[in-house]
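J.: With chain A's structure known, arrange chain B on it following the hints.
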Amino acid sequence: MTIDTAPLETATEPPKSQRSYWQNARRRFKSHKAAMAGVWMIVAIALYAILGPLISPNAMDTINFQMRTSGPTLEGAHWFGTDSLGRDLFVRTAYGARISLMIGILTTAVALSIGVVFGAVAGLRGGWVDTTMMRIVDILYALPLIFFIIILVTVFGRNIMLIFIAIGAVEWLTMSRIVRGQTLSLKQKEFVEAARAMAVPRFTIVRRHIIPNAIGPVIVFVTLLVPANIMVESFMSFLGLGVQEPMTSWGVLIKEGAAEVEIHPWLLILPASFLAVTMFSFNFVGDGLRDALDPKER
Amino acid sequence: MFAYCLRRILILIPTLFIIIALSFLLIYSAPGGPFDAEAALDPQIIENLRQTYNLDKPLHQQFGLYLGRLMQGDLGPSMIYRDFTVNELLGASLPISINLGLKSLLLAILLGCSIGIAAALKRNSKLDYGLMFVSMSGIAVPSFVVAPLLTLFFGIYLKEIPGVGSYLGLPVAGWGGLRNQILPIIALALPQIAIIARLTRASMIEVLSSNYVRAARMRGLPERNVILNHALPAALLPIISYLGPALAGVITGSVIIEQIFDLPGVGRYFVQGAMNRDYTLVLGIILVFSTTVLLLNLIVDILYGYLDPRVRVDE
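For the protein sequence lines, the chains are A and B, in the order given.
Here the first sequence stands for residues 88 to 385, where the numbers follow this note's numbering.
Here the second sequence stands for residues 14 to 328, where the numbers follow this note's numbering.
Hints may contain errors.
[Said to hold, decoys possible] Simulated pairs of lysine-lysine, DSBU-like, Cα-Cα distance not exceeding 30 Å:
1. Lys120/A to Lys139/B
2. Lys117/A to Lys135/B
3. Lys116/B to Lys135/B
Treat the hints as calculated values from the structure; they're not laboratory data.
As the structure is a prediction and not an experimental result, all values here were calculated from the model.
So here's chain A without its partners, still in its complex pose:
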């Protein structure tokens, strides 16, 4: 991005009017303190998810009979304590972070692909295609979607890949509405009309003109969809319908902790704090991105 090797010492920052949209957005985002804090927290949690199990001498499924439901202690390197079977909570929370983050990102990717394609097709085609497609979205919108996820998962088995697909397949609706709205408004812009007049192929118009201009709101929504989907997975796991033993996720850990909250509150509080901090961070980043990418708002 930056070219600072040039010998031109007079090349200072370009005047404000020449800075590109993305450069401006980056500056605005960097000055948003909560959003930057959110970014660093997400990085920290991701590092913990990757490195945590490597640092700790314990494995996620080793049972330490001598130290069941121990509180956080240095003894045996159980920094977060152990659960009712004597398994190390530090490592398990890190594995939970892996699963939860992975689910958040992959489900969002699924929702993103379906939503963008669906919305773009509806918006570009227009007419009865658009009407029909948006009616479908309206109908699905009216459902309490979590129930469909529950059915999908109970019906087709509690496979982790299936959870990805089920959540993603259900959470694309808002995305498709956003993309359709963007496409509809962009379609009427002069530069798209000009491209069409120059007989630019439809696909190239989408790639060169529609996508780059529609991407702002999509990015914002993606950052907000990741925590929402992590929450859905935790919800499912809490009901016992999500990730299955011996694998774990934050939802599973919270469920186990909630059962013993009276005697061993840290079993609930530690994983729940990680979940909450992740939620906070993604939401702050989303807010920051919205302010940065769409300066008209607020």
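T.: For chain B alone, kept in the frame of chain A given last:
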């Protein structure tokens, strides 16, 4: 307006049909069945059971039979809770869920709007930041974390305070008087309070900076008057359109809350039913929930068109 209402009501029917068909197809095409758990049963007995519940017929025939009964308001017999029809199960559990859901929704609207308005009026003050941070926590901390912590605090820690414990402490399970209901209602309402507060704040800020509010101020109207009579009605309009999603959120949350507080509501039956392949029960519950959400959305849309003539584009 009348034609618009009629069209909206008419579109409900195909919508519901698609919902039923989709759920039916999903549930019935799945591997396994409601009698799987009893693996020791004689194949002939299973065959008889399947015949009794019409499971041996081709799928489209089953669907026809189901629709036929549905027309008469019969959701069919439960396949797991023998001797009970789905209507009976819902009849016993729905009142509890409705009671819990309505109270939570009411609490969420009242508290959420108040918090949002207060934050908007004191925009960028410490109060605003404080309230918005708290409401962000309501979104970030899920109800299945809040609920156990609430029970820990009110059900156990407060009860142990000698003297006042018996007043302050609250029961953490069961469904009886209002005292039993306080914790589930709060836990269920919290996320919605948070969302409504943020919505109200955003919409109130927008309205407060609009021209007609400025005009009202310029005419020298008292601030109280400006806010209550001019800003507030317009600012609360978007909240009405959020009622549908809010209800869906409360219904979803009730699945967890009923599990945690051991309430015999519909949400618990749903999870049990889905896990045990109780086809008719699951379908019945989805139908009831979807119809409720659809009807509320319909009422909200019509109400919205009535309150804000600008959105009546469909006419």
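J.: Hint by hint, say whether it matches the structure.
T.: Here's how the hints hold up against the structure:
{"no.": "1", "hint": "Lys120/A to Lys139/B", "result": "holds, 17 Å"}
{"no.": "2", "hint": "Lys117/A to Lys135/B", "result": "holds, 26 Å"}
{"no.": "3", "hint": "Lys116/B to Lys135/B", "result": "holds, 29 Å"}
Violation of the numbered hints given earlier is absent; every hint is satisfied by the structure.
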